[in-house]
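Throw the hints in and build the complete structure from the sequences for me.
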Amino acid sequence: MSNKNSIIELEQVVVKFAGDSGDGMQLTGMQFSDASASLGNDLSTFPDYPSEIRAPQGTIAGVSGFQVHIGHKEVQTPGDLADVLVALNPAALKANMKWVKPSATIIIDIDNFDNKHYKKAGFIEDPLHDSSLKGFNLVKAPITSLSRATVRELNIGLDNKTADKTRNQFVMGLLFWLFDRDMTMGEHFLQEKFAKKPELVKANIAVLRAGFNYAETVEAMTNQFHVNPQKGRKGKFKKISGNIAASWGLVAAAEKAGLKLFLGSYPITPASEILQELSGLRNLEVKTFQAEDEIAGICTAIGASFGGYLAATSTSGPGLALKTEAAGLAVITELPLVIVNVQRGGPSTGLPTKTEQSDLLQAIHGRSGESPCIVIAASSPGNCFEYAFEAAKLSVEHMTPVILLSDGYLANGTELWPIPQMKDLPEIKTPRVKDNDPNYQPYKRDPEKLSRFWALPGQEGLRHRIGGLEKSDVYGEVSHDPFNHQLMCQYRAEKVNRVADYIPKQDIYGSKDGGELLVIGWGGTYGALYSAVKEMREEGYDISLAQFNYIMPLPKNTDEVLGKFKKRIICELNLGQFADYLRSIYPQYKYSQFNKVQGLPFFISELKKRFKTLLEEE
Amino acid sequence: MTDNNNSTQELTKKDFTVDSTIKWCAGCGAFSILSSVQNTLPKLGVKKDDFVFVSGIGCSSRFPYYIKTYGIHSLHGRATAIASGLKSARPDLNVWVITGDGDSMAIGGNHFIHLIRRNIDLNVIIFNNKIYGLTKGQYSPTTPMGSKTKTSPFGTIERPFMPGELTLGAQGNFFARVIDKEPRGMEDVFLQAALHKGTSIIEVFQNCVIFNNAIHEQITGKDVRDDRIIYVEHNKPLIFGKERDKGLILKGQDLEVVKIGENGISESDILVHDANNPNPNVHYMLARMTYPTHPVAVGVIRSVEDNTYEGLLEEQIEHAKANSKIKNVDDLLNSGNVFNIE
Ligand code: SF4
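Chains A and B, in that order, give the protein sequences.
First residue of the first sequence: 1, per this note's numbering; consecutive thereafter.
First residue of the second sequence: 1, per this note's numbering; consecutive thereafter.
Hint data in this document are derived by calculation from the structure and do not stem from the laboratory.
For every residue, glycine included, the Cβ atom is placed at its ideal position computed from N, Cα and C.
A few of these clues could be false.
Said to hold, decoys possible - Derived, one-sided and incomplete: chain A residues facing chain B with beta-carbon distance under 10 angstroms:
#1 Lys-238
#2 Lys-287
#3 Phe-289
#4 Asp-293
#5 Tyr-309
#6 Ala-326
#7 Leu-329
#8 Lys-423
#9 Gly-467
As structure tokens, this is what we get:
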């Protein structure tokens with residue numbers, strides 16, 4: 001009965017799942033990406049949550065989406081536009097129609113496409129009968145009714161409401177067929193997912209098969225796609241999100257440094273997952289403290305740091321603003337502290353579930369007084385691990401707070417991440433003091449790094465007082481001496497500047513010796529910028545990329561990197577904060593800018609268009 | 001500031017005295033509080049290196065610089081939060097918080113109530129002088145209604161907080177009140193507070209000679225205090241007065257002052273103070289008493305044992321360590337869904 005039509009081999013494909021927030025689209029997306037990962041595809045995913053927890057059903061505000069980009073080659077972003085869109089209701093279709101490719105396959109649940117649903121979604125005309133879906137490969141599947149019928153036939157006493165929760169498996173079945181995949185993988189996922197509820201395992205598997213069989217028999221879809229496994233990639237991988245990676249990076253740093261981890265934090269979107277994840281790691285002696293507010297979050301961490309813990313606090317933009325005063329205390333007491341800021345759209349509450357890079361200047365400058373601290377930024381979900389580890393390492397070794405910038409896009413996005421081994425991670429040396437060290441003074445400094453030393457309460461013979469009042473050099477007495485204050489301000493600034501001696505040089509992707517155009521980015525935009533630059537290089541353009549992870553201080557060769565190119569363009573998801581920063585340090589260069597503040601990541605297509613225009617300009 | 005003297009012999013007050021000058025105004029009530037604390041510490045059987053004093057901002061909060069222990073002079077209102085983190089991380093330390101009425105009741109009010117709710121084993125001394133001293137004389141959250149200060153030239157129109165009420169309202173398990181002029185009373189209470197497991201709140205009626213001189217004198221003055229203060233002691237009848245002829249009884253829904261020997265009242269009718277009663281109702285009434293309707297209660301009003309936050313946290317860690325298969329970070333990184341790509 002096989003109606004196997006042609007199987008088309010694809011280099012990469014983008015699938016978007018969209019439905020009501022209760023429809024389980026996130027789960028479906030994860031299931032699809034897990035299966036892809038098992039098959040050896042590279043991947044990147046991004047969820048698109050509504051900001052309300054349960055907005056009215058069937059409305060645009062209630063649409064929840066999940067985008068998966070899988071590839072035979074390396075995949076760096078969740079993709080600009082979808083090749084396949086699954087829309088379980090008209091609202092999901094309406095919200096996503098502008099994010100699909102012109103010839104995309106659109107799978108809809110025809111059972112939900114009626115006047116009642118059109119009205120809720122705000123369609124004036126029936127989209128199935130006007131020209132709005134022209135050119136698409138539209139698959140009208142009776143997903144709800146067939147799912148219900150399948151569950152009913154099992155005769156295991158599940159009602160329609162429960163049956164409707166299996167609809168996502170029908171979708172899954174369709175996609176398994178569409179992508180020419182072995183069903184056992186999907187079944188395995190369900191067996192694990194519902195391990196404690198055998199009747200749900202049964203129902204979901206039955207519906208999954210029903211979806212697969214439907215696709216095979218009905219000839220609804222003309223082609224099947226095949227995305228081959230990625231070549232040359234071997235080893236153990238995890239599909240990891242930025243928030244989990246950041247959490248694990250901190251735990252790894254604590255273990256490496258021989259310290260225990262303390263996180264003082266307050267729930268805030270999109271950073272809460274870090275607090276959640278670490279709260280579950282009591283087995284690794286992680287202490288989490290869910291504080292009464294953002295301020296107490298950082299203050300408890302400062303207390304723990306004084307007590308000799310690797311201390312961290314996690315937050316997002318408005319929370320970082322609240323932590324400002326205490327961050328200043330960490331600067332002047334010169335205690336290690338990692339502040340993870342998962343940026344979101346601002347100002348104020350702004351766009352809590354959307355991504356942005358607009359806290360850069362807040363991170364660099366946002367404290368009272370001369371208050372320098374290290375600022376670094378992660379640039380992919382997986383390397384949130386590496387940079388959280390690095391933030392902890394720099395903080396402890398240089399005895400100063402470090403702000404790690406992530407963003408909503410990295411935090412919630414996932415990618416396939418090669419699992420590191422602890423033995424391969426760099427050492428972290430804690431500048432501890434021996435009991436009864438006769439030479440210990442609270443503000444005596446390491447001659448190279450200029451950092452002070454870490455003497456812990458309970459240690460014999462090292463009793464000392466630190467605090468927010470300016471302290472005298474070396475001895476740490478309260479001091480209002482004007483020259484001492486200037487000296488201490490300079491020490492704190494120079495200490496941070498000297499971190500440049502301990503971080504890697506800025507890398508260039510592309511023409512390492514210089515060339516026509518240098519694209520400059522920082523942090524979470526890496527995937528899009530890299531992909532755009534890579535595609536253009538393949539098209540023959542002389543274009544390169546410098547993506548910055550170290551912001552304060554900048555890598556030592558920054559000037560050299562900037563100077564090698566004829567043109568420079570700084571791309572960031574704000575109105576030009578990194579551009580301002582670079583201009584203030586390297587005013588000798590001319591910079592073009594590409595800024596986007598829509599709560600959305602960059603699209604590769606828009607970047608390429610801008611770069612091409614810039615290259616054509618004389 | 002550091003000291004490298006590490007003699008392990010029995011401690012005395014001198015072990016906690018600093019050489020540098022103390023910069024409170026002459027005659028400030030803070031001096032006697034400092035001295036009482038220094039007298040208390042040697043009695044606790046704790047190594048001198050294990051004490052930490054954390055303070056906020058204000059006159060009182062200079063305290064850590066004046067006592068030879070580990071210390072943090074932190075941010076306005078945040079001492080309770082910083083000390084919470086320190087004690088949660090390091091339950092082995094003996095941690096004290098020094099704060100004032102502005103520091104703890106105004107800017108730090110939120111941290112104050114949440115510290116108490118969590119019952120972290122900290123000893124918190126509130127220097128209550130009912131005024132902002134360091135900023136030179138603005139009214140505070142404990143300034144009596146109607147007081148004329150620099151920022152209330154027409155009199156305050158805000159009802160004052162009572163630290164005891166707030167403590168008990170936040171489910172506090174230890175609350176005591178003492179007077180800066182009574183060192184023996186302070187030392188006794190500081191000792192009980194330090195030995196109590198859980199958050200101990202001690203309100204000190206402290207005199208600010210400069211901006212609010214004699215604010216507590218109406219209660220604590222030599223000539224009047226016997227009749228206006230009741231020194232409460234666990235398991236002792238609530239009796240006061242120069243002649244020890246007055247007492248408290250529970251009448252209806254309130255405490256009432258009665259005279260022993262009048263209206264058929266004898267000593268056995270007087271309410272006996274039970275500081276250890278988990279039910280806080282009477283403690284609340286005691287903490288709220290104000291002159292002239294009642295005497296002001298001084299001493300340990302409530303002292304009830306319960307689990308501490310840091311104790312429960314350690315228990316969870318022990319339990320999780322014993323029951324999890326994930327023993328180190330390598331285990332963690334390889335846990336859950338791992339894709340083995342060949
Ligand atoms: S201003 Fe008042 S509280 Fe402050 S030190 Fe002087 S007397 Fe003491």
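Going down the list of hints, with the structure as the test:
no.	hint	verdict
1	Lys-238	holds, 6 angstroms
2	Lys-287	holds, 6 angstroms
3	Phe-289	holds, 6 angstroms
4	Asp-293	holds, 6 angstroms
5	Tyr-309	holds, 5 angstroms
6	Ala-326	holds, 6 angstroms
7	Leu-329	holds, 5 angstroms
8	Lys-423	holds, 8 angstroms
9	Gly-467	holds, 3 angstroms
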